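Colleague: Here is how the chains run, residue by residue.
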Amino acid sequence: MNIESQDFYTQAILSMSALVGLTSFLMLGQGRLLRLIFVFALQGLLLTLTTGLSAYSLDNPHLYISAVLTFSLKVIFIPWMLQKQVLEMNMHRDVEALKNNTAVMLGGASLMVFSYYVLQPIIHTSSMIMLNALAVSLSVVLLGLLLMISHRQAVAHVVGFMSIENGLFFAAIVATNGMPMVVELGVAFDVLVAAILFGIFFLHIRISIDSLDVDLMNKLHEVDK
Amino acid sequence: MNGLMAVVQTALFVALSPLLMGFLKFCKCWLQNRRAPSFLQPYRDLLKLTYKQPVISQEASWLFCVAPYLIFTAMILAASVVPFIAVDQPTSAEADVIVLVGFFAFARFFLALAGLDIGTAFGGMGSSREMTISSLAEPAMLMAVFTLTMTASTTNLSGAIEHVLQEGLILRPSFVFALFALILVTMAETGRIPVDNPTTHLELTMIHEAMILEYSGRHLALIEWASALKLMLYGVLISNIFFPWGIAESFTLSALGYGLLAILGKLVFLCIFLALAETAVAKMRLFRVQEYLGFAYLLGVLGMLSHIILESTR
Amino acid sequence: MIAVYSLLLLSAASIVFFALSGHKENMGKFNTRINGVSLVITIILAMTVFNQGTLLSSGKAFLIDSFNVYLIVLTAFVGFTTSLFSEAYMAHEIELGKLTQARLKLYYSMYQGFMLAMYLVLTTNNMGIMWVAMEGATLTTVLLVSLYRTPESIEAAWKYFILCGVGIAQALFGTILLYYAASQIGGSDNALLWSVLHEHATELNPDILEIAFVFLLIGYGTKMGLVPLHNWLPDAHSEGPTPMSAVLSGLLLNDALYAVIRNKMLIDGATQTHIAGYLMMGFGLVSFLVAVLFLHRQKDIKRLFSYSSIEHIGLMTFAFGIGGSLATFAGLLHMTVHSLVKSAIFVTVGHASQISGTQKMTGIRGLMKTQPKVGWGLLVGTLAIAGFPPFGVFTSEFLVFLATMHEYPWLTPFLLLGIGIAFAGLFRHVQPMVYGAKPEDKTAINANLMPIMVHLGLALWLGIAIPSFLSSWFSQATLLISGSAL
Amino acid sequence: MLFLAYSAVIFSFASGSIALVHVFKPEVHQQWVFWLLGLSGFAAILAGVGGLITSQTYLDTLNLGLPWLPWHIHFDSLSALFYLIIGIAVFSISFYAPHYTHAMQKDAQGFAVLSLFTGVFIGGMLLVLLADDAFMFMIAWELMSVASYFLVAFDHENSANRRAAFLYLLMAEVGALLIILAFGVMASFASDFTFDALRASHLSTMWMSVAFILALMGFGMKAGLVPIHVWLPEAHPVAPSHISALMSGVMLKVAIYGLIRFCFDLLPEVHWEWGVVLMVIGTLSAVSGILYAMMQQNLKRLLAYSSVENIGIIVMVLGLSMIFLANNYPELAALGLLAALLHAFNHALFKNLLFLGAGIIHHQTHELNIDMLGGLIKRMPKTSFLFLIGCMSISSLPLFNGFVSEWLAFQTALRVDVLDNGVLRSLIPVSAAALALTAALAAACFVNVFGLTFLGVPRSRHAEKAKEINDKSMLAAPAMLAGFCFFFGIFPSSILHLIDNVAKQLIGSNLPAQSVLSFFSIAPLSAQQASYSPPLILVGALMAAGVCFWVLHRKLKTSVRIAPTWDCGFGGLTPRMQYTSSAFTMPLRRIFSPAFLIEETIEKTMRSHTQTNVEQVRYSLHIQDHSWIHLYQPVEHGVNRVAKQVGRIQTGNIRTYLGYSLATLILLLWVVS
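Protein chains in written order, with our numbering: chain Z, 5 to 229; chain R, 363 to 676; chain D, 38 to 523; chain G, 1218 to 1890.
Hint data in this document are derived by calculation from the structure and do not stem from the laboratory. If you're wondering where the values come from, they're calculated on a predicted model, not measured in any experiment. There's no promise every hint is true.
Which chain D residues stay away from chain G? Per the calculated CB distances, all over 12 Å, these [stated by the list, open to error]:
| no. | residue |
| --- | --- |
| 1 | S43 |
| 2 | T91 |
| 3 | N227 |
| 4 | V233 |
| 5 | Q335 |
| 6 | L517 |
The calculated lysine-lysine pairs, modelled on DSSO-like cross-linking and capped at a C-alpha distance of 30 Å, are [claimed, not checked]:
| no. | chain 1 | residue 1 | chain 2 | residue 2 |
| --- | --- | --- | --- | --- |
| 7 | Z | K223 | G | K1242 |
| 8 | D | K410 | D | K397 |
| 9 | R | K414 | G | K1242 |
| 10 | Z | K223 | D | K135 |
| 11 | R | K410 | G | K1772 |
| 12 | Z | K223 | D | K397 |
| 13 | D | K479 | G | K1595 |
| 14 | Z | K88 | D | K479 |
| 15 | D | K406 | G | K1772 |
| 16 | D | K397 | D | K142 |
| 17 | G | K1772 | D | K397 |
| 18 | R | K390 | R | K645 |
| 19 | D | K479 | Z | K223 |
| 20 | G | K1772 | R | K414 |
| 21 | D | K406 | Z | K223 |
| 22 | D | K475 | G | K1242 |
Idealized CB from N, CA, C, for every residue including glycine.
Only chain Z is shown next, with the shape it has when bound in the complex (with noise of 0.2 Å):
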């Protein structure tokens, strides 16, 4: 299929997924604490605008309650919080030394290509969007898992976390405009009381190891040192 063919929504949406996708590899290559939390409410960002995109051009009124949510969620309260935890535990000076970076970059690379891959037998149901926006969704989560298997900051592997929400919530709008209302309020709560108990989390280790570096938490292993 060629571009122009398509309407300006598609079009929007095709941009939108690559900006989304874009953001997660920002996101990977991200060093700085501080800096990953605002690309990460960047990330937020764009998923509201593609909802709030969606609901308007399919006018599904459903979606902007959604769209609200995310924003209120993902743009506002979760950057907030570990801003603030970033701050108090101040470590947003210090640069965490990502062992090859290049490595991981080209990972996330042939991840994005791989999820291609995976989801080529949809084209068959459906058109090229569908599989592009799926495809850059599934990439978003195996790069948000790639963002916190290099990262050693238990911030990195929250903002980790919350991108493969944020990913599976692109996927539900692109692909299926969405979830039933009930699902979609449900999931919000979850990643709200989620989002909370990180929170909390934080304060714990804190207190039990003095750090957030979660590469000290081992002492459970079944190998004999």
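Please arrange chains R, D and G on chain Z, whose structure you already have, making use of the hints.
Modeller: Leaving out everything else, chains R, D and G in the frame of chain Z:
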């Protein structure tokens, strides 16, 4: 009639066994240029012993006193099974060759226990060695005997002997092996040189004597007689299994006479052979006995295999 | 249907109640009573289903069929007996000063929260809600895992949280794909209702559903603790309070498996292949064999039995993966007996570690002498879980083996090998704990051994003879799942 | 008949449960436990005899187990025979146990545990015999194992016992799994798990052989065949003596029952190669079993090893029977089966007798090391007499039951010349000779046992102080068994007739027509070929003994003089000068040294500075089983090693774990697409 016959034959068997002993002693002395006691010396010894007052250790238990009778009885039963002068006597139907071995085992069992009863080192030593040797000898003997019984396809002794008789003189390699195996076993089981020395009282060498060291009087007499019987049994076994000719197949007087003469003749030859062997070879160390008996066992197996592979008609 | 609503409302209400209630002494009793009531409700529910067959609520929000109804009863039952146990247990912890009243409040309200989540997972008809509830289960229990606030417990909770969170997220992706596939065939809002999907299963796009199933399997599989996604499980079980371990092993694993099976039924409908089955079999067997080996290396008693949970969940997954009526029946039976026996074991383990004041197995000795009932409970429970007759575990394992023998004979040696090694692994640790002379400084504690006896008794009953109503139930469920009657 | 069979089971369970009740309600009379046990035994005997006489198959189904596979029950001659065996044992135990358990029980719990699991154990064994489908069979089988495990672990404060119990249960589990697998192999070719269906299954020869090997390993594990026997001498001795008696005398027979049921009944056909396997393993077990037995000092351990020997003999003869069956000589096969089953029966009798005797000795002297005993024949005359009978039976002396079965075994082996196959024709005689060797060694071994335990001078204070047991009923049990040993030694035909029915049922053929099983003599094949008439021998023996006794005592009345033992004039004979068991068996140990792992050390400490004369000598002898080092330990280490390797995957680092889940995801996605 037959029953009586059997009893008489057994009695004769028992009665003649000391004579065999005596004759063997005679041959040995004669071979070793010594003046020999008369054939009847064993009888005299037995008589003397029966009249002497038995002395029993205070540690002895009832088993010690009972054992001689049991041993002697077992030997008599064995004697009643082995065809001596005539075949197919009724008593030989009550037990076959395996039971015969069983009788020997029975006697040995109690002899060994009696050895342990007093609680002296000698007795223990004797029992230990006796059991060791016999447990090696028994398989060898059974192998040898099985060769015969499989040829005759019966484990019943008189049946087997009759079978050999009917076949007439056939030179079977298996029998040659079996014969030698049985002779070796005989030497071991009856406590002859080279395995044991019946005349020694040197603790390092004695086996049979060590066990009966505490016996005296009539008990000793019974045991001595029993060992004489054992020797006789083996002798008769060998001579009647492998050279059955002359044994009485019917209960006519002449046949029986011939039978008696025949068996006595065979035994004489056997005694001479035994005496020669005992004079020729030296007693061996205890821990070379297993090689000796292993050889006997090997012969037995060879006999068996040669029977199975060469002879049995298939 | 009233029953379902009341069940959910009851637990929901009691969460709030416990959260707000002042420092009551008898919270434990109250908790027990609530669970008792919900048990009664579920039994009524079961009866109605037994008489009327499948129930579908107006609006199709809730679906009660022969498959989930007995799981609901089981959940309520284990929840009830465990709460009995946790009364004594928690009281003792308070005495030792390990916990404050505030924490106790949290504990009880979260306990109810967990129950709510479990009921919701089982009763709902909406795959999305099922996901939400499953996530909810994580969220409610994660704070309980770190209840003691020790570094280990916090570490465990964190791992539990992150790993399960990520895993469950993948499940959501799978659900979205499912929804997408449904919307392909013109499904609207009710396109996530299981009942609807199951009707139209054959029309769904197989390619999408295969991919969806991978995500769902990995997502819910993380909750089930399938190797290699299991790593959170032993930590969480060993560090949390023991009653929590009991319900986690006894219920959470079952319900995650339940979710997977529900999805599998859709996938099988769509892709007329056995791909889902193969995936499950592979996962199951690997988990089974690996967990079995882990048993040999344990030092902590609760870790030991959590690995045995992994082993058994692996076996169940394997059984359901085989498909076919016999294997499915075996799987259902195994779900039941395993959660009965395993929760009983955790109860005894809790008492044992309280008696000895440690969870290190080297510190636990001579239970038979110190407190015979606990010792016997642990020993007999271990025998039962190791698959010795006449306990039900043997029956189900026997059936799994039988099914395997029919379908994939070359796999049976692995199963038996695994069972043998598992037995050795369990017993080499358990026997020294129960037997031996009485340690001087250890004394008996006041323990509520009712749950143990009831659970083991039931397991015994199931082993000797399966009651007709239960067997007919299982048969219906089997028919529902495997599509073929026994 | 089934009623009796059931009631035996029910009584045994009842006795167990009464014991349980006794804990909570101490007023319940303990004696009930044993009365019920006795009833159970008696019912089992009746059922057994009845089943053998009628020699019918009684079928039934109990509405237990799985909804579509209820418990199938059958009670045929084979079950009946083993019912009889168990019955006799249990009946005798019920006399023995009360006093014994009363002496050894520490608290109410102890008593409850002991009696409860005794009841369950017996019930389990009986159920195994009744089972007619694999599922029930396995349940009963495992019930038996688990219950006996608790009995082995009864005295669990001793760590060695705990270890033994663990080993025991582990082996039982492994064996059970193998048996399940064996059944599974057959069932995968059959419609379901009932024995009828299994009989009807059509297997290829290959699969049949697989099933056979699995079954052999499974049942052999329980029966204690070499080389997988190591658990047996560990576990049997540490249980209370009457339990050791049950385990060694009866439970092993149940394993044999399983083997016979599987090979001769369930498997559609037999192959002579299997027979050879059985024969070789049996011979191996027989010889090495008795050799190891001889090296033991602990009496019960010794008896346990000798069980290995006897099981070996049974299996070997079974092999013979199988060979003859496969070469379609059903009559000879019947003879072999007869010999094997009779030996199983006899072994149950005398092994129980010996274990109960050992129990009495332990009860009176608190000593089981035969090097510490001695001289008991004067202190415990009754016990010693009974024990002597046991020893004579087990070392297969004529006039006792042990001899009859070995005689039959020889008769079977000697019929080899009917076979065509050269391998068999040369192999069987050798194994027959090995059987002879075993018998002779057994005699040596039990001379050693009886001589050191009962004869000579006491070697320790315990033995010095020993007294005859005053509890009549505790003596009654071994007395009864001894009576049986003698009776069946003199009138073997009485039991042979019954066992013949079993052969008829399994092989479909009796002994040959011209065989004689009369009251006076038995001739399994024909009177010409071989005959054995113990009654006549007994009469002859009595006559002969009578005569010489009369001659020596009535005629010449010389009194006996009692004198101290002659000490060669050195003086000071001490008990320590007697032969010990390690001394007694030294020649055989040296001759058969390759069979053992021997560590023999002699340390001399010389008297100070002048290194001339010895102050003291320390002699230590440690003998170990080959298969422990070469079979068991490697497996154990292997498992641990693998577990260690697998443990590496759980590093404790959460990022690694996340990596796993990513990897899994990618892998699976790649798989599906």
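Colleague: Against this structure, judge whether each hint is valid.
Modeller: How the hints compare with the structure:
Every beta carbon of chain G lies more than 12 Å from that of D/S43, the smallest distance being close to 33 Å; the non-interface claim holds. Every CB of chain G lies more than 12 Å from the CB of D/T91, the least distance being 22 Å, so the non-interface label holds. Once the 12 Å rule is applied to beta carbons, D/N227 is consistent with being away from chain G; the minimum gap is 27 Å. With a least beta-carbon separation of about 24 Å from chain G, D/V233 lies farther than 12 Å from that chain, consistent with its non-interface assignment.
Against the 12 Å criterion, D/Q335 falls within the reach of chain G, whose nearest CB is about 10 Å from its own CB. No beta-carbon of chain G comes within 12 Å of the beta-carbon of D/L517; the shortest separation is about 17 Å. Of the pairs offered as hints, the one joining Z/K223 and G/K1242 is violated, with about 50 Å between alpha carbons and a cut-off of 30 Å exceeded. In summary, the hint linking D/K410 to D/K397 is supported, as the alpha carbons are separated by about 20 Å, within the 30 Å threshold.
With a CA separation close to 70 Å, the supplied pair R/K414 and G/K1242 exceeds the 30 Å bound. About 21 Å separates the Cα atoms of Z/K223 and D/K135, which keeps this hinted pair within 30 Å; it holds. At roughly 15 Å between alpha-carbon atoms, R/K410 and G/K1772 fall within 30 Å of each other, so this suggested pair holds. Straight-line distance between C-alpha atoms of Z/K223 and D/K397 comes to about 15 Å, which keeps the hinted pair within the 30 Å bound.
Taking the CA atoms of D/K479 and G/K1595, the gap is near 49 Å; set against the 30 Å cutoff, the hint is violated. Between Z/K88 and D/K479, the direct Cα distance comes to roughly 49 Å. Violation of the 30 Å bound is thereby established for this hinted pair. A C-alpha spacing of about 70 Å is found between D/K406 and G/K1772, which places the hinted pair above 30 Å, so the restraint is violated. For the hint pairing D/K397 with D/K142, the CA-to-CA distance comes to about 28 Å; that is within 30 Å, so the pair holds.
As the CA atoms of G/K1772 and D/K397 are separated by approximately 83 Å, the hinted pair breaks the 30 Å bound. This hinted pair checks out: R/K390 and R/K645 have alpha carbons roughly 15 Å apart, not beyond 30 Å. Between D/K479 and Z/K223 the CA atoms are separated by roughly 28 Å; this keeps the pair inside 30 Å, and the hint holds. A C-alpha spacing of about 14 Å is found between G/K1772 and R/K414, which places the hinted pair at or below 30 Å, so the restraint holds.
As the CA atoms of D/K406 and Z/K223 are separated by approximately 34 Å, the hinted pair breaks the 30 Å bound. Of the pairs offered as hints, the one joining D/K475 and G/K1242 holds, with about 25 Å between alpha carbons and a cut-off of 30 Å not exceeded.
Violated hints, listed in ascending order, are 5, 7, 9, 13, 14, 15, 17, 21; each of the other numbered hints is respected by the structure.
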